[in-house]
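Taken in order, these protein sequences are the chains called A and B. Under my numbering, the first sequence is numbered contiguously, ending at residue 159. Under my numbering, the second sequence is numbered contiguously, ending at residue 448.
These are computed hints drawn from the structure, not numbers from a lab. Keep in mind it's a predicted model, so treat the numbers as computed, not measured. Just to be clear, a hint being listed does not mean it is correct.
[Unchecked claim] In silico lysine to aspartate or glutamate, DMTMM-like type, Cα no more than 20 Å apart, as pairs: (1) K83(A) <-> E127(A); (2) K213(B) <-> E199(B); (3) K315(B) <-> E240(B); (4) K404(B) <-> D390(B); (5) K154(A) <-> E96(A); (6) K419(B) <-> D399(B); (7) K3(A) <-> E41(A); (8) K40(A) <-> E199(B); (9) K4(A) <-> E322(B); (10) K4(A) <-> D417(B); (11) K212(B) <-> E127(A); (12) K4(A) <-> E204(B); (13) K83(A) <-> E71(A); (14) K3(A) <-> D417(B); (15) K256(B) <-> E155(A); (16) K3(A) <-> D162(B); (17) K4(A) <-> E240(B); (18) K428(B) <-> D417(B); (19) K419(B) <-> E307(B); (20) K3(A) <-> E166(B); (21) K144(A) <-> E125(A); (22) K3(A) <-> D210(B); (23) K3(A) <-> E204(B); (24) K256(B) <-> D47(A); (25) K404(B) <-> E348(B); (26) K213(B) <-> D47(A); (27) K83(A) <-> E155(A); (28) K419(B) <-> E387(B); (29) K4(A) <-> D399(B); (30) K435(B) <-> E424(B); (31) K144(A) <-> E96(A); (32) K419(B) <-> E155(A); (33) K3(A) <-> E76(A); (34) K404(B) <-> D417(B); (35) K404(B) <-> E387(B); (36) K3(A) <-> D14(A); (37) K246(B) <-> D417(B).
[Claimed, not checked] Negatives, chain B to chain A, calculated, CB over 12 Å: (38) G265; (39) R294; (40) A336.
Beta carbons: idealized from backbone N, C-alpha and C, even for Gly.
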Amino acid sequence: MTKKYHISTNVNGDDYEFLCEAQQTLLDALRDELMLSGTKEGCATGDCGACTVMVNGTMVCSCLVLAVEAEGARIETIEGMAKDNELHPLQRNFLELNGLQCGICTPGILIAAKALLERNPDPTETEIRYWLAGNLCRCTGYDKIIRSVQAAAKEMRGG
Amino acid sequence: MADLRYEAPETLQAAVALLAGAGGPARVLAGGTDVIVQMETDLIEPSLLVDIKKIPEVRQITAENGGFRIGAAVPGMEIMEHAALNKAWPGVVEGVKLIGSIQVRGRASIGGNLCNASPAADSVPPLIAAGAIARIIGPNGTREAPVEAIPTGPGKTSLAKGEIIASFFLPPRPVHASDAYQRFTPRTEMDIAVVGVGISLTLDAGGTCTAARVALGAVAPTVLLVQEAADALISTKLDDAALDKLAKAASAACRPIDDKRGTREYRVKIAGVLAKRTALQAYERARSN
Numbered sequence: 001m002t003k004k005y006h007i008s009t010n011v012n013g014d015d016y017e018f019l020c021e022a023q024q025t026l027l028d029a030l031r032d033e034l035m036l037s038g039t040k041e042g043c044a045t046g047d048c049g050a051c052t053v054m055v056n057g058t059m060v061c062s063c064l065v066l067a068v069e070a071e072g073a074r075i076e077t078i079e080g081m082a083k084d085n086e087l088h089p090l091q092r093n094f095l096e097l098n099g100l101q102c103g104i105c106t107p108g109i110l111i112a113a114k115a116l117l118e119r120n121p122d123p124t125e126t127e128i129r130y131w132l133a134g135n136l137c138r139c140t141g142y143d144k145i146i147r148s149v150q151a152a153a154k155e156m157r158g159g
Numbered sequence: 160m161a162d163l164r165y166e167a168p169e170t171l172q173a174a175v176a177l178l179a180g181a182g183g184p185a186r187v188l189a190g191g192t193d194v195i196v197q198m199e200t201d202l203i204e205p206s207l208l209v210d211i212k213k214i215p216e217v218r219q220i221t222a223e224n225g226g227f228r229i230g231a232a233v234p235g236m237e238i239m240e241h242a243a244l245n246k247a248w249p250g251v252v253e254g255v256k257l258i259g260s261i262q263v264r265g266r267a268s269i270g271g272n273l274c275n276a277s278p279a280a281d282s283v284p285p286l287i288a289a290g291a292i293a294r295i296i297g298p299n300g301t302r303e304a305p306v307e308a309i310p311t312g313p314g315k316t317s318l319a320k321g322e323i324i325a326s327f328f329l330p331p332r333p334v335h336a337s338d339a340y341q342r343f344t345p346r347t348e349m350d351i352a353v354v355g356v357g358i359s360l361t362l363d364a365g366g367t368c369t370a371a372r373v374a375l376g377a378v379a380p381t382v383l384l385v386q387e388a389a390d391a392l393i394s395t396k397l398d399d400a401a402l403d404k405l406a407k408a409a410s411a412a413c414r415p416i417d418d419k420r421g422t423r424e425y426r427v428k429i430a431g432v433l434a435k436r437t438a439l440q441a442y443e444r445a446r447s448n
């Protein structure tokens with residue numbers, strides 16, 4: 001029988017325990033063990049950024065992290081972005097400005113954009129484009145994504 | 160897939176013992192940005208993964224004898240955000256900055272970039288140009304080796320069974336010394352080098368080059384340290400004649416493949432052009448500090 005590892009971790013402020021195999025990725029564990037399917041699988045090779053989450057405050061591709069590495073970690077996913085019934089300004093601006101079409105890349109882009117705005121509340125368009133270079137979108141052509149991030153940044157700065 | 164065992168020891172000695180005692184194929188897990196992809200795509204099927212990230216020595220950047228010691232598993236983002244490293248070794252930081260996306264650099268390390276042994280690894284040419292020394296821990300104790308002695312071909316290294324790179328030493332910088340790394344890619348981000356050039360220079364007070372190291376990536380089975388290219392710069396102020404000689408020496412050293420990113424002929428030509436640009440950038444930096 002394949003050995004299972006018992007993992008205790010924290011996702012979006014809630015403690016979780018689950019069992020996984022050594023080769024299972026954090027992405028698979030989030031989706032299949034914890035039923036947190038907001039994090040999407042795009043390429044599964046770290047090229048597209050759809051599975052972006054925060055692990056201990058660092059932005060990573062969850063397909064390039066093993067579930068066993070989540071032991072004792074603090075993980076943030078798209079499910080933790082809205083507070084109660086209140087959407088995060090990034091989420092609201094993506095909706096209002098059509099920053100998404102099919103939506104597969106959107107959770108990863110929102111997590112990445114939030115990490116950017118926490119470091120740099122007033123990024124230039126170039127800074128936004130470089131920061132999001134690891135998040136591929138095949139629908140929007142990126143322009144509406146950039147406008148949505150800019151609008152959210154402005155709103156979050158109070159302007 | 161056969162049963163995979165995961166271990167996360169807290170000392171280098173324990174990690175070495177696990178790797179040396181492994182009955183089947185074993186891999187070191189640092190950032191995992193190559194190892195996990197290779198497992199997912201069935202390129203490798205290890206029976207043991209030794210996660211070294213709980214070992215303090217491999218996760219720290221420390222000042223040492225006027226230089227720096229960088230742990231082999233320090234993530235790229237931490238290297239990029241280290242102010243003193245940016246000042247002393249901007250070329251090394253430039254190489255790290257070009258590895259994958261921000262997400263990838265949140266995990267990827269220079270130890271992994273080197274041990275994955277891709278000839279196009281972006282952090283390797285500037286580390287070789289810098290004269291970086293790898294500290295290797297193994298079943299027979301500790302040894303040191305220059306970075307250029309580690310890769311032996313695509314995907315292959317000179318590390319013996321049970322050996323781990325623990326850290327890299329970047330030597331002290333004299334005044335009027337600096338480095339640069341440039342790569343050529345069709346896209347500005349998320350791409351693999353067609354050619355990469357790392358150059359480290361030391362100048363005298365008058366701006367004459369007294370020491371140089373030139374390393375070329377993606378133009379041979381391993382990253383090349385090209386003595387003739389360095390010799391073209393030493394005792395010059397990087398005038399046009401010296402730069403032309405540098406470009407010729409760089410192009411002459413190339414033994415590249417043809418692939419979708421560039422033909423053999425193209426890579427040979429670009430290596431010379433990029434060597435000139437990189438040398439001038441390192442020279443400007445060295446003059447101003």
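Where does the structure disagree with the numbered hints, that is, which hint numbers, in rising order?
1, 2, 3, 6, 7, 9, 10, 11, 13, 14, 15, 17, 19, 25, 26, 28, 29, 32, 33, 34, 36, 37, 38
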